[in-house]
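*Asks:* As you go down the protein sequences, you meet chains A and B in turn.
Heads up, the first sequence is in this note's numbering, so the first residue is 1 and it goes up one at a time.
Heads up, the second sequence is in this note's numbering, so the first residue is 113 and it goes up one at a time.
Quick caveat, the hints were computed from the structure, so don't treat them as lab data.
Here the structure is a predicted model, which is why all the values come from computation and not from measurement.
By construction, the Cβ of each residue, glycine as well, lies at the ideal position given by its N, Cα and C atoms.
Where hints are given, some of them may not hold.
[To be verified] Straight-line distance between alpha carbons at most 27 Å, and here's what the computed DSS-like set of lysine-lysine pairs gives:
(1) B:215 x B:242
(2) B:346 x A:42
(3) B:214 x A:42
(4) A:46 x B:350
(5) B:249 x B:214
(6) B:242 x B:283
(7) A:39 x B:345
(8) B:346 x B:305
(9) B:127 x B:305
(10) A:36 x B:214
(11) A:39 x B:214
(12) B:123 x B:214
(13) A:46 x B:345
(14) B:215 x B:123
(15) B:283 x B:123
(16) B:217 x B:135
(17) A:36 x B:215
(18) B:242 x B:221
(19) A:36 x B:221
(20) A:42 x B:131
(21) B:223 x A:42
[Said to hold, decoys possible] Short derived list, chain A residues pointing at chain B, Cβ under 7 Å:
(22) 5
(23) 48
(24) 109
Chain by chain, the residues run as shown.
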Amino acid sequence: MRHFTDTQSLVIIGIVALVTAALRFLPFILFRSEEKTPKIIKYLGKVLPFASTGLLVVYCFKSVSPLGYPYALPELIAGAVVVVLHLIRKNTLLSIAGGTAVYMLLVNLVFV
Amino acid sequence: MTTQTETRPEKRPLKETVKTAFKLSLPVMAGYLFIGVAFGMFLSSKGYSAIWAFFLSFSVYAGAMQFVAVELLCSPFSALNAAVMTLSVNARHLFYGLSMLKKYKGTGKFKPYLIFSLTDETYAILSTVKLPENESKGRFYFLLSVFNHLYRLTGSTIGAFFGSRLNFDLKGLDFSMTALFLVVFVEQWQSQKRHLPAITGVLSTLVCLVIFGPDSFIIPSMILITAVLLSAKKLYEKGEAA
């Protein structure tokens, strides 16, 4: 059932852990104080987090094919449920659990 | 909290520090346990045991990235792809660090762990928290960070433990990652008046996905996003000032 061997899994997890840690440590190594940080870096720091969430949302839908059955309907419906739930209730847990439950119902019972 | 006499500032007793840190960590508890359980179940649905969930939550302590790591464990083996994905998911941490430079000064031996465990939520708490009187900064921040990490570890391990023992089909559980990112997207959208960065992120990535296909669009997307944002710097800042 598993796709990788133990070693392969450890290598992948190791790389992810290393890069994550590097990103967290780098500013403490590179910069002394916030005031002395180059303006362009500060600007990117302000805008990139929002852009990268956009990238991630698209990434999640990357293997969805809107041209063949079920025409991306489970993803679109469940995605809309998450957004609407979150707009109304603003409860992260509810939005994630609700959307995922709807999606699981759709792919297991409706669009089989 | 009792006020100390000015003449002899005593260090706060550890018990008090633990109490305050625990109280401050409470708002994170439910969220981290839940995300942990969802992550643990997701990982176990791909054939990994609770030990793996614990290990992954311990070493890659970054919510969104943990889910992406599960995806990576099911993709064709590529070290480069893993590194690039991590870079694009966690690039924001580069910038969290910037605003913590001052805050983490003088935290001594605790500093490496504080930096290592700086997740979105811990960042949110620490960037607003006021240090109690006579409190040792390093120790206090450390305990707060440890509590949050423990919630994630506990949730992940429980999720994977039960996930591997459930008998029903977990097909579709992967959607929890999509849901998580959608929630973050909605929250970020509502927190901002200007949506240029969010729109740039979505559109640039869509364009690159269509051109380069689902296996190699991440690097081009990151380059395109950075280029667009840099060329829109003046426009963005003009709108900010208005």
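*Asks:* State for each hint whether it applies.
*Replies:* Structure-based check of each hint:
1. B:215 x B:242: With Cα atoms ~11 Å apart, residue 215 of chain B and residue 242 of chain B stay inside 27 Å; holds.
2. B:346 x A:42: This hinted pair holds, its Cα atoms lying about 14 Å apart.
3. B:214 x A:42: Holds, at roughly 15 Å.
4. A:46 x B:350: Holds - the C-alpha atoms of residue 350 of chain B and residue 46 of chain A are around 14 Å apart, at most 27 Å.
5. B:249 x B:214: Given pair residue 249 of chain B, residue 214 of chain B holds - Cα atoms ~12 Å apart, limit 27 Å.
6. B:242 x B:283: This hinted pair is violated, its Cα atoms lying about 45 Å apart.
7. A:39 x B:345: holds (11 Å)
8. B:346 x B:305: Distance ~17 Å between residue 346 of chain B and residue 305 of chain B Cα, so the pair holds.
9. B:127 x B:305: violated (43 Å)
10. A:36 x B:214: holds (12 Å)
11. A:39 x B:214: This hinted pair holds, its Cα atoms lying about 18 Å apart.
12. B:123 x B:214: Holds: residue 123 of chain B and residue 214 of chain B sit about 22 Å apart, inside 27 Å.
13. A:46 x B:345: holds (11 Å)
14. B:215 x B:123: holds (19 Å)
15. B:283 x B:123: violated (53 Å)
16. B:217 x B:135: holds (24 Å)
17. A:36 x B:215: holds (15 Å)
18. B:242 x B:221: The hint holds at about 21 Å.
19. A:36 x B:221: Since the Cα atoms of residue 36 of chain A and residue 221 of chain B sit roughly 25 Å apart, the hinted pair holds (cutoff 27 Å).
20. A:42 x B:131: Judged against 27 Å, a Cα distance of about 36 Å means the pair is violated.
21. B:223 x A:42: Holds, at roughly 23 Å.
22. 5: Because about 9 Å separates residue 5 of chain A from the closest Cβ in chain B, which is outside the 7 Å limit, the hint is violated.
23. 48: holds (6 Å)
24. 109: Since chain B brings no Cβ nearer than about 10 Å to residue 109 of chain A, farther than 7 Å, the hint is violated.
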